[in-house]
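Those protein sequence lines, which keep their order, are chains C and S.
The first sequence begins at 0 in numbering that gives the first Met the number 0 and counts up by one.
The second sequence begins at 0 in numbering that gives the first Met the number 0 and counts up by one.
Some hints could be false.
[Claimed, not checked] Listed below are the simulated DMTMM-like cross-link pairs for lysine to aspartate or glutamate, each with C-alpha atoms no more than 25 Å apart in a straight line:
id, chain 1, residue 1, chain 2, residue 2
1, S, LYS145, C, GLU44
2, C, LYS67, C, GLU44
3, S, LYS145, C, ASP239
[Said to hold, decoys possible] Chain C is nowhere near these chain S residues, computed Cβ spacing over 12 Å in every case:
id, residue
4, GLY151
5, THR247
6, THR265
Just so you know, these hints were derived from the structure itself, not from any lab.
These numbers were taken from a predicted model, which means no experiment stands behind them.
Just so it is clear, CB atoms sit at the ideal spot from N, CA and C, and this is done for glycine as well.
Spelled out from the first residue to the last, the chains are:
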Amino acid sequence: MSGATRARPVRPATVASFAVLVVLAAVYLGPLLTVVNVSLQTRQEFSLNPTAIVGQPQLTNFVTAWNKANFPLYLRNSILYTVAATSLYILTAVFVAFPIARRYVRGSGFLFSLFVVALFLPYALIPQFQLMLHLRLYNTPVGYTLLFLVDPIGIVILVNYIRSIPRELDEAAAMDGSGYVRFVMRVIFPLIRPALASVIVLHAIGIWNEYVTPLIYLTKKTYMPITRGLMVFYGQYGNDWTTLAAAILMLTLPIAALFLVLQRWIYAGVLQGSVRG
Amino acid sequence: MRHAFHFGGRGSRFVPYLLLLPGMLLYLLISLGPSLATVFYSFTDASGLIGSPTKFVGLSNYREFLFLGQNARDNAEVLVRTLEFSVLVTVIQTGLGLFVAALLNQRLAATNVFRTVFFMPVILGVTIVGLTWTLFLYPLGGPAQKVLALLGGHSEFLGGPPFQAFLWVTWVQIWANMGVTMIIFLGGLQTIPSELVEASRIDGASGWQSFRHITYPLLTPSLNTNLTLAIIGSLQAWQLLLVMKGVTNGTQVLGLIIYAIAFGRTVQNPTAVAMRQGYGAAASVVLFVLVLIIGMTAQFLMRRRERRVLG
């Protein structure tokens, strides 16, 4: 850039906008930084002054939380549920979305509308519970995973994205004698990668963060995912905020890190998911 | 209409159907079916126990929920609170989201960093958000208390009067979801050609005037999307309340009491007592009707405004 000394004059409105954003950011970062700070305090420091910035950070809270809160077990469960359900969902979802987007099946429009209206329908909570009870899948990891093989917004995103891919591709592939499965797996999957990334990330985050479903369906500690584990820990050690903060932070950091890497797909997914029909 | 299918092989016409089936059946079995079956269950006395007989009870669940004695009065209170929650969340979240998006749409430094910060809570989920704010609102000298002390105030926050605690959770709900609103508005802002705004500025319009008369009308589709999502989302929301307040008197909304009724969590007995799933299903249907009426009315008004504004 030439003429660095002749910088554009800064308008007062710009300064004001920036100041407002900084204040708002403080409202957003304040609670999160409090967790970081408290997690590094000793119990004495916390009871004397919870907001004192730690002078000598110590990591014993993390060790305590890791052991007392059963972290390794809950973490393993969360990873298993998230990976299993997300991969199965994606595989089935593409084979639902592709023929609907291309109208290769009768009643495509109707089938698509079944997914679009999902947002408005009654809460499936109670009959879903009855179903799992009668299938003898209550309090089982398989039953719990089964509940996450469905995500109507993901289908809506995929259908809308597939519609933007030219049909000539299908015709060319068919002329070359390619079969349907082969075409979807080899051609469509790579082409819809941006939409897939968004759907995968949003679906996985949804499972990972789920709090009420495990509360209802999993009573055995050995089956619980980490969110539920954290609330059990909170119930037992509700006043031990230094250890609790360490536990919260250990759960927050991996999600936050993943978010920083995957933000573009997440924003894209939120936008695509908000466009209906 | 159905397009001609070109892929080869014997019986290949059926292959797409066959492969569509698993995903479709799962959706019908786990989501759509149960959702519709809620209406059926609302006419029964189903419990959460396997093997206990279920019989039809006609409209008695609805009668009990809406008209019978103290229960119905409590439920009416919950209904009003649900509406208060929904109005507060919809108005403030949409307003704040629009405001932040408009700020971020200027050529400022570090807008991406701000966007990340504001969106972060969306990703963290109710457990982390709920516990983080419970700590932030720690009444014995916690951060929020210190800020309040600077202004000469004091509060018990979540431990205070129920309505106050309820307002705090309402705020946290807004804080946690404003990022989605912001992203949808930012997406809308990007579709507005910058020449339009610049031309108006050259013609002498102030920043506010060009926002009010050019940007804002053109944002109508994003505004409608955001309002729809916020209205429906806030009417159905309850999980953050459960994390931050549990099942307590004076802070419940409709979604929360459906859970509490169906899974036997009461104020007196936070671990399970009788699970009245039929009665809970009736409450779910009441919530559904509420969402339907308010959602449809909002859709109607928004469509009318969109036609007027965008022609």
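Comparing the hints with the structure gives:
1. S:LYS145 with C:GLU44: This hinted pair holds, its Cα atoms lying about 16 Å apart.
2. C:LYS67 with C:GLU44: 21 Å, holds
3. S:LYS145 with C:ASP239: Answer holds: S:LYS145 to C:ASP239 is near 20 Å, not above 25 Å.
4. GLY151: Non-interface label on S:GLY151 holds, nearest chain C Cβ at 18 Å vs cutoff 12 Å.
5. THR247: 15 Å, holds
6. THR265: Given a closest Cβ separation of 15 Å, the condition holds.
In this structure, every one of the numbered hints holds.
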